[in-house]
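Given chain V's structure and the hints, the job is docking chain Y onto it.
Protein chains: 2
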Amino acid sequence: MAGHNVTIESTIKALADERKYPALKDIFVTMNGADIAAVFKDIPEEKIPLLFRLLPKKLAAETFVEMSSDLQELLIEGFSNAELHEVIDELYVDDLAGLIDEMPANVVKRILAHADPEMRRDINEILKYPENSAGSIMTTEYISLKPNMTIDEALRHIRDTAIDKETVYTCYVTENRKLIGVLSLKQLLLVKDDSATISDIMNPNVIAVYTTDEREKVAQLLSKYNFIAMPVLDTEDILVGIITFDDAMDVIEEETTEDIERMAAILPSKKEYLRSRVFDIYKQRIIWLLMLMISATFTGIIISKFESALAAQVVLAAFIPMLMDTGGNSGSQASVTVIRALSLGDIEFRDLPKVVWKEFRAAILSGLTLSAVCFLKIILVDRLLLGNTHVTLLVSVVVCGALAVTVLVSKVIGSALPLFADKLGFDPAVMSSPFITTIVDAISLMVYFGFASALLF
Amino acid sequence: MAGHNVTIESTIKALADERKYPALKDIFVTMNGADIAAVFKDIPEEKIPLLFRLLPKKLAAETFVEMSSDLQELLIEGFSNAELHEVIDELYVDDLAGLIDEMPANVVKRILAHADPEMRRDINEILKYPENSAGSIMTTEYISLKPNMTIDEALRHIRDTAIDKETVYTCYVTENRKLIGVLSLKQLLLVKDDSATISDIMNPNVIAVYTTDEREKVAQLLSKYNFIAMPVLDTEDILVGIITFDDAMDVIEEETTEDIERMAAILPSKKEYLRSRVFDIYKQRIIWLLMLMISATFTGIIISKFESALAAQVVLAAFIPMLMDTGGNSGSQASVTVIRALSLGDIEFRDLPKVVWKEFRAAILSGLTLSAVCFLKIILVDRLLLGNTHVTLLVSVVVCGALAVTVLVSKVIGSALPLFADKLGFDPAVMSSPFITTIVDAISLMVYFGFASALLF
Chain V
25 MAGHNVTIES TIKALADERK YPALKDIFVT MNGADIAAVF KDIPEEKIPL LFRLLPKKLA
85 AETFVEMSSD LQELLIEGFS NAELHEVIDE LYVDDLAGLI DEMPANVVKR ILAHADPEMR
145 RDINEILKYP ENSAGSIMTT EYISLKPNMT IDEALRHIRD TAIDKETVYT CYVTENRKLI
205 GVLSLKQLLL VKDDSATISD IMNPNVIAVY TTDEREKVAQ LLSKYNFIAM PVLDTEDILV
265 GIITFDDAMD VIEEETTEDI ERMAAILPSK KEYLRSRVFD IYKQRIIWLL MLMISATFTG
325 IIISKFESAL AAQVVLAAFI PMLMDTGGNS GSQASVTVIR ALSLGDIEFR DLPKVVWKEF
385 RAAILSGLTL SAVCFLKIIL VDRLLLGNTH VTLLVSVVVC GALAVTVLVS KVIGSALPLF
445 ADKLGFDPAV MSSPFITTIV DAISLMVYFG FASALLF
Chain Y
25 MAGHNVTIES TIKALADERK YPALKDIFVT MNGADIAAVF KDIPEEKIPL LFRLLPKKLA
85 AETFVEMSSD LQELLIEGFS NAELHEVIDE LYVDDLAGLI DEMPANVVKR ILAHADPEMR
145 RDINEILKYP ENSAGSIMTT EYISLKPNMT IDEALRHIRD TAIDKETVYT CYVTENRKLI
205 GVLSLKQLLL VKDDSATISD IMNPNVIAVY TTDEREKVAQ LLSKYNFIAM PVLDTEDILV
265 GIITFDDAMD VIEEETTEDI ERMAAILPSK KEYLRSRVFD IYKQRIIWLL MLMISATFTG
325 IIISKFESAL AAQVVLAAFI PMLMDTGGNS GSQASVTVIR ALSLGDIEFR DLPKVVWKEF
385 RAAILSGLTL SAVCFLKIIL VDRLLLGNTH VTLLVSVVVC GALAVTVLVS KVIGSALPLF
445 ADKLGFDPAV MSSPFITTIV DAISLMVYFG FASALLF
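Going line by line, the protein sequences match chains V and Y. Final position of the first sequence in our numbering is 481; the numbers increase by one with none missing. Final position of the second sequence in our numbering is 481; the numbers increase by one with none missing.
All the given hints hold, so there is nothing to weed out.
One copy or two, either will do: identical chains are not told apart, so a pair holds if it fits within one copy or between any two.
Once the Cα atoms are required to be at most 20 Å apart in a straight line, the calculated DMTMM-like pairs of lysine to aspartate or glutamate come out as:
hint, residue 1, residue 2
1, 65, 375
2, 248, 278
3, 378, 304
4, 71, 97
If you are wondering where the hints come from, they were derived from the structure by calculation, not from laboratory data.
Just chain V, with the same shape it has in the complex (with noise of 0.2 Å):
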């Protein structure tokens, strides 16, 4: 049942204390390997080989794959040729390219070595792609079937050779190697005609991938349409490989957590949080707020510029910090909902003027509220709660007027900025809170200090 690791979490660890191996594997077969390596993750590293030792091969290769890269190294370097030969068998292709990925060279190496000559060249025809390409993600292990098949033919076909691919229920078509069709193993099993061939049944209509497509745009794609496996091509139309649901569903996920990352101001990472080391944390995140500061230099210099406007009306930095806020958290709102909408694909650039008028008209709705509530807020609680005589009617004019500007300014700029990164290649993600906020930051600082010096001095 889910969840039931939680209890099962302890029983391992205080057997694996106690030696007690037999019961161990006992509880291993009853296991996912999703499972297995979760509970690894909190096991002391040096009794892992042991332990993994115990799991028969195809549970073995399960949880292999699902484990961490630093573990997966340590199993590596630990298993004798034979184990690692058995391990390198049981996987997948795009496991496998997976893997070599992110291993060190003389591992590398090793694996190599031990993957059969068919295995190896399929590796190789995964790994020439670049990293965040269709083609890296791709296994090249799929059901092809020849369009003159019949029924009975096309499902031995299936049967026979089932056990090395990754997914059998969708069936691809080919004729001298080009994608002419696919069709369901489910379709296939409705066919009630004997006489049918595969060309009757199957679907012409092809959606496919290039292997140099974005892998986020394929992994939406796949969803979009909710197929099983999206089919690879190469340049010349050829089918080279699949691309499979659970695979996408890990790009999605990735890449999500790179635009979450990317939003605050934090360079990606592929670690998990608590397997990272505090450099590594300081790494991904002082770049950025090294320059965010240095950036910060600009409202410096704007407020010592009003340097002796500020120092007769000193009651003017009391909402500086509310300026700033607000408008940053307008400018935030606006890019936030752009960037995800472009990342799901709903907006592109040539929205841009419908985006536009719309943040524009949502902006003038929030500045005048934003102004009314302010006003109130001013003449309630700073004059008559706090008795500060020094926020006079002018001054709270010069607020509100320069908070509903911003709140609009900050809007505008907040949309448009995401689809101008997009438009010219960088991710929009970057086009965030942070960078947003710096921005809005000196522009509502010269609006304030504008309405001030016309209406003040």
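Leaving out everything else, chain Y in the frame of chain V:
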């Protein structure tokens, strides 16, 4: 091929304008429901019912499912009873239940009136579960096998019933309606021994969820185990439905969007951005903007308290934006990292000490780096380049000291608050950038003026 609707869109629009319906029909049958629905988005509403009627039954249902709820409503209102019945007949139970959830009462009545009694019962079963539960997104159409069936019997049963099932690729073995095992169609096809029964080959270590489990957790679990479908049990461990991977992908997408929206202080909405009305966007955003603006009153009060100090050393004001922004950015880096790790299930509340300790150390590194660079910047830019003599050495010590402390405090608060929110049953995503920023602002100002009081006055 991927994205081939980019060019087909304009063709369809042109053909629709010229009323060339036979040609349109020929194009539609080569397309996928998701693509047709995407094209419909850009076509004037009054033309959609006509175009929809060109689609063959199955494709019509596929397209209908992918349309936005306002277009679905529009179509249903125009449907004759026979047409409504036809579409409903082709929909899977979970899609129909989802549709009913979003339609107004009078439309729901009409839909239910045209569903078969059996389907109506299944819909009601699904509709009785709360909105974000596993029960509310499951389908009741799955393949169930008996343990004593032979492989041949099982395959025949699958072929006979497959047409109505959302997936046939994972089969569920039940005894007295309780789930006792699972097996994949692939396993079934691989069996060579004719005398084997289902109980011989099924996997008795079942992973399942309960109808009342949160749909987000269930989707994450399905993704973790790479399942095509996750079985759903009621409180008596009776199998009542399954959740398929495509629905899990949709759940993850929706929940991630909600998280991202909450992190940017936006109330979640289910509408696509371009289809949202300006007033809806305004409503989604204004509440948090108002709350955060009002809470900035505290920062105002703090500054007012130190008004006389500020009047004496106006130069201090110039560093307020930099301090607040760097504090806010540091805090939101930590909070966003923790929020994402929480929603991926990488950490939980009991990891609080580990998380805070990690952040504390990363914060010391970051704080020292930032202070050092800030000090250099003050000397080089403010003093040498800009010749601002007000920035004395003592002022820079105050600024850099306050900066280091602010970074430290904001990282610790930023990492701890989401964990507490989660523990208390709130969505941790709310404890994100804007909220943290507001808290950190107040703290950074107090630290700043505290340092200033101690060293300058």
